[in-house]
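Colleague: Put chains U and Z with the ligands on the given structure of chain A with help from the hints.
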Amino acid sequence: MRRRGGHGTGTRRVRPAPALVLLLLLAGCSGGSQSTLHASGAGARRTEGLWWLFFWISVAVFAEVMTLLGWALWRRRRATARVRGGDALGMVSVLGVAIPFVILAVVYGIGLHDLNALASPPGKNAAVNIEVVGHRWWWEVHYPDQPAAVTANEIHIPIGESVRVRLRTADVQHSFWVPNLMPKTDLIAGKVNETWLYTDEAGNYRGQCAEYCGQQHAFMAFLVVAEPRAQFDAWVTAQAQPTTPTLTAAQQRGKAVFEQGSCASCHTVRGTSADGTVGPDLTTIGSRWSIGAGAAPNDAGHLGGWIANSQTIKPGNAMPPQPVAAQDLPDLVAYLQSLK
Amino acid sequence: MSASTEERPSPSTDPQELARLEQEWGERPSVHSFFSTVDHKRIGRRYMITAGAFFILAGMDAMVMRTQLARPNASILSPEEYDQLFTMHGTAMIFLVATPMFFGFGNFLVPLMIGARDMAFPRLNAFGYWVFLFAGSIMFGSQFLGKAPDGGWFGYVPLTDRPYSLGINLDVYSLGLLFLGVSTTIGAINFIVTALKLRAPGMSLNRVPLFVWAIVGTSFMVIFALPALNLDNAMLFLDRRFGAHFFDPHDGGSTLLWQHLFWIFGHPDVYIIVMPALGIVSAVLPAFCRRGVVAYPLMVLAIVTISIISFGVWVHHMFATGLPQLSYSFFSAASTLITIPSGIQIIGWLATMLRGRIVVRTPFLFVVGFIVTFVLGGFTGVMFAITAFDQQVTDSYFVVAHFHYVLFGGAVFPMIAGVYYWLPKFTGKMFSERLGRWAFWLVFIGFNTTFFPMHVAGLFGMPRRVYTYPGDLGWNIPNLISTIGAYVLAVGLLLVLIGVIHAIRRGAPAEDDPWGGDTLEWGTASPPKPYNFAVVPLVHSLHPMWDERTRTALVEGTILTGHRAVQTSELDGQHERVLEMPEPALVPFVNAVGILVVVLGLLWGWYWVAGAGAVIVAGSLARWLWPPERTPEEAGVAR
Amino acid sequence: MTAVAKEATQAQALATEMPSGRTTGWWGMILFVTTEATFFAAALGSYFYIRFQSGQWPPPGIEDPKLTKVLFMTALLLPSSLPVMWAERGIRKGQRWRLRAGLAITLVLGLAFLGMQVWEYSEDLKKHTFTTDAYSSLFYGITTFHGFHVAVGLLMVGWLLAASLRGSFGYRRHERVRLTAIYWHFVDVVWVAIFLSLYLSPRL
Ligand code: HEA
Ligand code: HEA
Ligand code: CUA
Ligand SMILES: [Cu+2]
Chain A
1 MRRRGGHGTG TRRVRPAPAL VLLLLLAGCS GGSQSTLHAS GAGARRTEGL WWLFFWISVA
61 VFAEVMTLLG WALWRRRRAT ARVRGGDALG MVSVLGVAIP FVILAVVYGI GLHDLNALAS
121 PPGKNAAVNI EVVGHRWWWE VHYPDQPAAV TANEIHIPIG ESVRVRLRTA DVQHSFWVPN
181 LMPKTDLIAG KVNETWLYTD EAGNYRGQCA EYCGQQHAFM AFLVVAEPRA QFDAWVTAQA
241 QPTTPTLTAA QQRGKAVFEQ GSCASCHTVR GTSADGTVGP DLTTIGSRWS IGAGAAPNDA
301 GHLGGWIANS QTIKPGNAMP PQPVAAQDLP DLVAYLQSLK
Chain U
1 MSASTEERPS PSTDPQELAR LEQEWGERPS VHSFFSTVDH KRIGRRYMIT AGAFFILAGM
61 DAMVMRTQLA RPNASILSPE EYDQLFTMHG TAMIFLVATP MFFGFGNFLV PLMIGARDMA
121 FPRLNAFGYW VFLFAGSIMF GSQFLGKAPD GGWFGYVPLT DRPYSLGINL DVYSLGLLFL
181 GVSTTIGAIN FIVTALKLRA PGMSLNRVPL FVWAIVGTSF MVIFALPALN LDNAMLFLDR
241 RFGAHFFDPH DGGSTLLWQH LFWIFGHPDV YIIVMPALGI VSAVLPAFCR RGVVAYPLMV
301 LAIVTISIIS FGVWVHHMFA TGLPQLSYSF FSAASTLITI PSGIQIIGWL ATMLRGRIVV
361 RTPFLFVVGF IVTFVLGGFT GVMFAITAFD QQVTDSYFVV AHFHYVLFGG AVFPMIAGVY
421 YWLPKFTGKM FSERLGRWAF WLVFIGFNTT FFPMHVAGLF GMPRRVYTYP GDLGWNIPNL
481 ISTIGAYVLA VGLLLVLIGV IHAIRRGAPA EDDPWGGDTL EWGTASPPKP YNFAVVPLVH
541 SLHPMWDERT RTALVEGTIL TGHRAVQTSE LDGQHERVLE MPEPALVPFV NAVGILVVVL
601 GLLWGWYWVA GAGAVIVAGS LARWLWPPER TPEEAGVAR
Chain Z
1 MTAVAKEATQ AQALATEMPS GRTTGWWGMI LFVTTEATFF AAALGSYFYI RFQSGQWPPP
61 GIEDPKLTKV LFMTALLLPS SLPVMWAERG IRKGQRWRLR AGLAITLVLG LAFLGMQVWE
121 YSEDLKKHTF TTDAYSSLFY GITTFHGFHV AVGLLMVGWL LAASLRGSFG YRRHERVRLT
181 AIYWHFVDVV WVAIFLSLYL SPRL
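Protein chains in written order, with our numbering: chain A, 1 to 340; chain U, 1 to 639; chain Z, 1 to 204.
There's no promise every hint is true.
Unchecked claim - Derived SDA-like pairs: lysine to any residue, alpha-carbon spacing no greater than 20 Å straight-line:
1) Z:K93 with Z:P202
2) Z:K69 with Z:R166
3) Z:K126 with U:K429
4) Z:K127 with U:D251
5) A:K340 with A:D299
6) A:K191 with U:Y164
7) U:K429 with U:I498
8) Z:K126 with U:F242
9) A:K340 with A:P297
10) A:K191 with Z:G55
11) A:K191 with U:I498
12) Z:K93 with U:P632
13) U:K147 with A:G316
14) A:K191 with U:P249
15) A:K124 with U:I498
16) A:K191 with U:P163
17) A:K191 with U:K429
18) U:K147 with A:P315
What the hints assert, rightly or not - Now the in silico label distances, taken between C-beta atoms and shown as ranges:
19) Z:V118 with U:P163: 32 to 38 Å
20) U:T67 with A:W74: 38 to 44 Å
21) U:S75 with A:E131: 31 to 37 Å
22) A:G316 with U:H502: 44 to 50 Å
23) Z:L78 with A:G316: 53 to 59 Å
24) Z:G167 with U:W624: 16 to 22 Å
25) U:A614 with A:S93: 53 to 59 Å
26) A:D145 with U:R162: 36 to 42 Å
27) Z:V118 with U:P297: 52 to 58 Å
Keep in mind the hints are simulated off the structure, nothing from the lab.
Even for Gly, the Cβ is constructed at its ideal location relative to N, Cα and C.
Same shape as in the complex, but just chain A (with noise of 0.2 Å):
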């Protein structure tokens, strides 16, 4: 990629003031998957850098105005301190004029050529193009490229390789936010808007709806699963296949049931008989990083709870509870578990 975002790793490496340090280490960093202060993509990273221009100038302005605060504050201890005419017009237009403007000036410039670097991914045309729906509360997504890839609420995108993402509301606004790799794009009714993603360091990244879209706007979180190229084709591969798992016959039973209940009028298992498209696509629930856009962990204990009564672990959401009668739960889920 091109130079990293700049003054980015320039200033990355600065010591932050006091306060913030003490509240840093407060807060132990342990933020990290989701922070805007631990950047690993190309567009987080000018943004990072452009945090530490910005908190420098900050500390020195700040000081600025806290010594002639000080000094107004100290000079009347003094006997002499007799009060002065005059309109200070000159301290006015120096220090209240001219200095910001230069200073707001080379910030405006720089910050132009940041978001300028922000309208494209490095290296003009994407390798990867990734369709991303929102619904309240839960991401679907598609990978174009193999049509047949759907998911919801993960996305692998493949390292060192610009990722293109369209960004689509089923229903209200939401944005698309994942802070440790690129700034937000908001997701607009009746429009498409556009991103990208960019990163040469493999992890997961927690990305989070950052627009409200009601009660369940706080879990609307989603993982971005940044991986060398070989593994994300394996993974794109097999979310595109339909499911023919070899079922235990629990799990068999647990399939009737999902055919058979109501599920299958909301969910799509592709490779069975269930083709709704209410809720998300279940074809890989199996191996999801959570159940409910980050609600719950994805386990058979929360797995069964979910289903029993969604209601309970994420209030508010699409999913009703479901009748489903107690001892076809554990199959239910068992089978769920299998879909990989």
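Modeller: Just chains U and Z with the ligands now, with coordinates in the frame of chain A:
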């Protein structure tokens, strides 16, 4: 018109004359006069008390929110409850607290500062208050019924439109704000006309106090900004209730239209909020620096330029919506530029302190607190002005930190400074300095503990408007600190409240001019007599009360008798004519009730009730403006 | 009495030349009209914003608004400002009959305008209604809102006529006439803007 026929010479100390004036202007306290008063001082006090009450309510909302956010995965509040809380908190703080509070200050102070006896339209003034009271009550009422707006204070469509928001919640929002808009618009018009036509003779534009300039600038912004919001809410209501398609992308509507219109209002609005606060700072400083604010022309210029530029930056609230780069670079430039006038004022105040001899009293402490916090908030603002960075932090807690630093730091600190500074004038009582200082330190420390960590949470990727958050993202500690800070802050504000109540109850009686202030309000009694000034002040300079000529004139001048006030020319404040001021009346109250009926009728879809309300409104207006029967001589008829 | 008389003659001079400055009422009405105008500007702005977002305009299935009736309406409303001016001039001279006559004529013209608008609606509504699409919502929304202003203006004029018949106005007391006139002119001017944007521009 010559003064001789209007003002009979008499020493301004003549007891009978003063008694007569008091007679003509005073409103004997009674139930009737409670509803019929047109005294700008009573109305101003009411604005402030009502806004204060709303501040406590909206603040309580915030405290509950903070309690929920103290720990991850908390379940004190359901998502619906949280959504209503943060929406009401924001909406109320912006519309029902900040603006009305400053309208209260303006109502009480503008006529006094310009040496007038009342606002230009005293009855409209009363009307405006009642409308504000009713609108606010409706909105908070909905919260007590659990049906409060829940779409965020800028209520983006389609979330706030059908089918995603059924129920009455957002009808309360749209109708409530439309209702309130009536009050705000009328108040703004009243301020402008008062400042243009009722200034004391001799107060040419270059002698107008900065606070009055600020109020006028604010009012002009209201005149041009509010229609955008009203249109927005009108269209939202029509969409929701009568199946219009303004915001419906499936039928040719546009969801971004809402955002544009909202922020065309919304950005000027943030200056509508902060500008009077800056005015208060300019009014408080001279008393405690023992000299006038420096660079008066530049300070005025700053106010004017802010009022204008603020209409050219709204898109900086839409930096992530995928608009063309070109428009982004333009609005980014404008947003960066608007910093300069604020810089001028900050440096101007600092220069004033440097060239004066500072006397530290509670009001001054809050001004210092304002400078420290507002500057920090301003810096983050400038960061947002740079589109690339904004796209990263927008809609995160970093933004929440920014706007609390500018809203609380920039508006509430001066608000409190103003309360302490003018309390003697408002109530005639002095407050306890010790209590005041305790309050300051608690508020200052509490404030920064609450909102500084939000910068960090935001940078760590915490989005705003989340009712809870997972525990493994490094957001726990910042949030815990914020919550603790919020409680400290609340106690500090409680001390402010106690300080005020204590002053009113037990405070020592205040002198007329306890601080040695420079503006005319200090030339009146504490609290001012109903007629404000027995003698119409003559202004010779920017600091009339530091000017012997004005002081002596106030004592030795001639009393302006009767329920009358002086009208002067717009620019150089020359005497034009003497006006008969309107008497107290019930009709403004009745009219406001009429509108209340209309709003409630629309809210519940009882359109015939709304119709009935409209009849009340029309009827009372006709009554209100009905000219008195006049003999042909009085009216003047050609024969 | 002599003092009053002197003041009176002056007052009349004022009324025509206003050496003693604009009144508070004048400023109040001007500012009110300004913010109202801003509202209409925002509304027409929204109209064009949505128009330039959509392709065909008016949308498929809705033909361009008919002009004949609307031109006639314009011909009714625009001139209706003249009688008001004439009336105001009159009352400044203390000629009450001119005030009454002028207001009456305006009242008639205004009512005729509203009548025409109702007629025009009755035909449009056959083709598309307020709820058809965004275009229709804007079309009916804006025109109705203006019609509402005309109605309010007429109420004011009618109210003024009533007051003048009772005889409250003369060359010394006629500010309400002036204020009403300002409002009426405003309603007039806004109509021109609406006519150009909603009726003419789609044909260009
Ligand atoms: C009192 C209210 C107030 C004030 C005064 C300001 C002041 C400013 N604001 Fe703020 N703003 C809000 C209230 C306010 N804001 C609110 C409520 C929101 C959020 C709305 C929402 O989403 O809910 C918001 C959001 C907001 C955004 C959108 C953020 C986002 O949602 O992504 C932006 C972007 O440009 C912005 C910019 C600015 C700027 C440039 C200033 C400038 O005016 C600041 C100027 C002042 C200074 C800079 C300090 C003093 C100057 C000096 C000491 C001179 C030297 C300084 C330098 C050289 C830098 N603000
Ligand atoms: C003038 C404006 C103003 C003010 C003063 C405040 C004050 C406070 N705000 Fe406010 N806030 C907004 C304007 C304001 N806010 C806006 C516009 C939003 C955006 C809403 C949205 O997203 O739509 C917002 C959002 C907002 C959020 C983000 C919600 C979210 O995104 O999920 C939070 C979270 O902590 C918060 C907290 C607070 C706190 C703790 C205070 C404290 O300062 C409050 C302290 C005040 C009191 C406690 C009441 C007064 C107390 C007394 C008189 C003493 C008696 C009381 C006690 C002893 C408790 N606010
Ligand atoms: Cu989707 Cu918030
Ligand atoms: Cu803004």
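Colleague: Could you run down the list of hints and mark each one as holding or not?
Modeller: Here is how each hint holds up against the structure:
1. The hinted pair formed by K93 (chain Z) and P202 (chain Z) fails the criterion: a straight-line CA distance of about 46 Å is larger than 20 Å.
2. A distance of roughly 37 Å separates the Cα atoms of K69 (chain Z) and R166 (chain Z); the hinted pair therefore is violated under the 20 Å criterion.
3. Between K126 (chain Z) and K429 (chain U) the CA atoms are separated by roughly 69 Å; this puts the pair beyond 20 Å, and the hint is violated.
4. Proposed proximity of K127 (chain Z) and D251 (chain U) is supported: the alpha carbons are some 16 Å apart, at most 20 Å.
5. With a CA separation close to 13 Å, the supplied pair K340 (chain A) and D299 (chain A) stays within the 20 Å bound.
6. Annotation: proposed proximity of K191 (chain A) to Y164 (chain U) holds, straight-line Cα distance about 18 Å (limit 20 Å).
7. At roughly 14 Å between alpha-carbon atoms, K429 (chain U) and I498 (chain U) fall within 20 Å of each other, so this suggested pair holds.
8. The straight-line distance between the Cα atoms of K126 (chain Z) and F242 (chain U) is roughly 18 Å, inside the 20 Å bound, and the hint therefore holds.
9. Restraint check: the Cα-Cα separation between K340 (chain A) and P297 (chain A) comes to about 16 Å, which is no more than 20 Å; the hinted pair holds.
10. Proposed proximity of K191 (chain A) and G55 (chain Z) is supported: the alpha carbons are some 14 Å apart, at most 20 Å.
11. Between K191 (chain A) and I498 (chain U) the alpha-carbon distance is near 53 Å, which puts this suggested pair outside the 20 Å criterion.
12. Straight-line distance between C-alpha atoms of K93 (chain Z) and P632 (chain U) comes to about 13 Å, which keeps the hinted pair within the 20 Å bound.
13. For a cut-off of 20 Å, the pair hint linking K147 (chain U) to G316 (chain A) stands: about 17 Å separates their Cα positions.
14. The suggested pairing of K191 (chain A) with P249 (chain U) holds, with an alpha-carbon distance near 9 Å, which does not exceed 20 Å.
15. Distance hint between K124 (chain A) and I498 (chain U) is unfulfilled; the C-alpha atoms sit about 64 Å from each other, more than 20 Å.
16. Between K191 (chain A) and P163 (chain U), the direct Cα distance comes to roughly 19 Å. Compliance with the 20 Å bound is thereby established for this hinted pair.
17. Pair hint K191 (chain A) plus K429 (chain U) does not hold up; C-alpha atoms about 60 Å apart against a cutoff of 20 Å.
18. Restraint check for K147 (chain U) and P315 (chain A): satisfied, since their Cα atoms lie roughly 18 Å apart, inside the 20 Å limit.
19. Judged by the Cβ atoms, the range 32 to 38 Å given for V118 (chain Z) and P163 (chain U) holds: they are separated by roughly 33 Å.
20. Take T67 (chain U) and W74 (chain A): their Cβ atoms lie about 41 Å apart, and the range 38 to 44 Å holds.
21. Taking the beta carbon of each, S75 (chain U) and E131 (chain A) are about 35 Å apart, inside 31 to 37 Å as hinted.
22. Range check, G316 (chain A) to H502 (chain U): about 46 Å between beta-carbon atoms, so the 44 to 50 Å window is met.
23. Distance hint check: the CB atoms of L78 (chain Z) and G316 (chain A) are about 56 Å apart, consistent with the given range 53 to 59 Å.
24. Distance hint for G167 (chain Z) and W624 (chain U): a CB-CB separation of about 20 Å, consistent with the stated range 16 to 22 Å.
25. Take A614 (chain U) and S93 (chain A): their Cβ atoms lie about 55 Å apart, and the range 53 to 59 Å holds.
26. In this structure, D145 (chain A) and R162 (chain U) meet the distance hint of 36 to 42 Å, their C-beta atoms being roughly 37 Å apart.
27. The given range of 52 to 58 Å is respected by V118 (chain Z) and P297 (chain U), whose C-beta atoms sit roughly 56 Å from each other.
Hint violations for this structure: numbers 1, 2, 3, 11, 15 and 17, all remaining hints satisfied.
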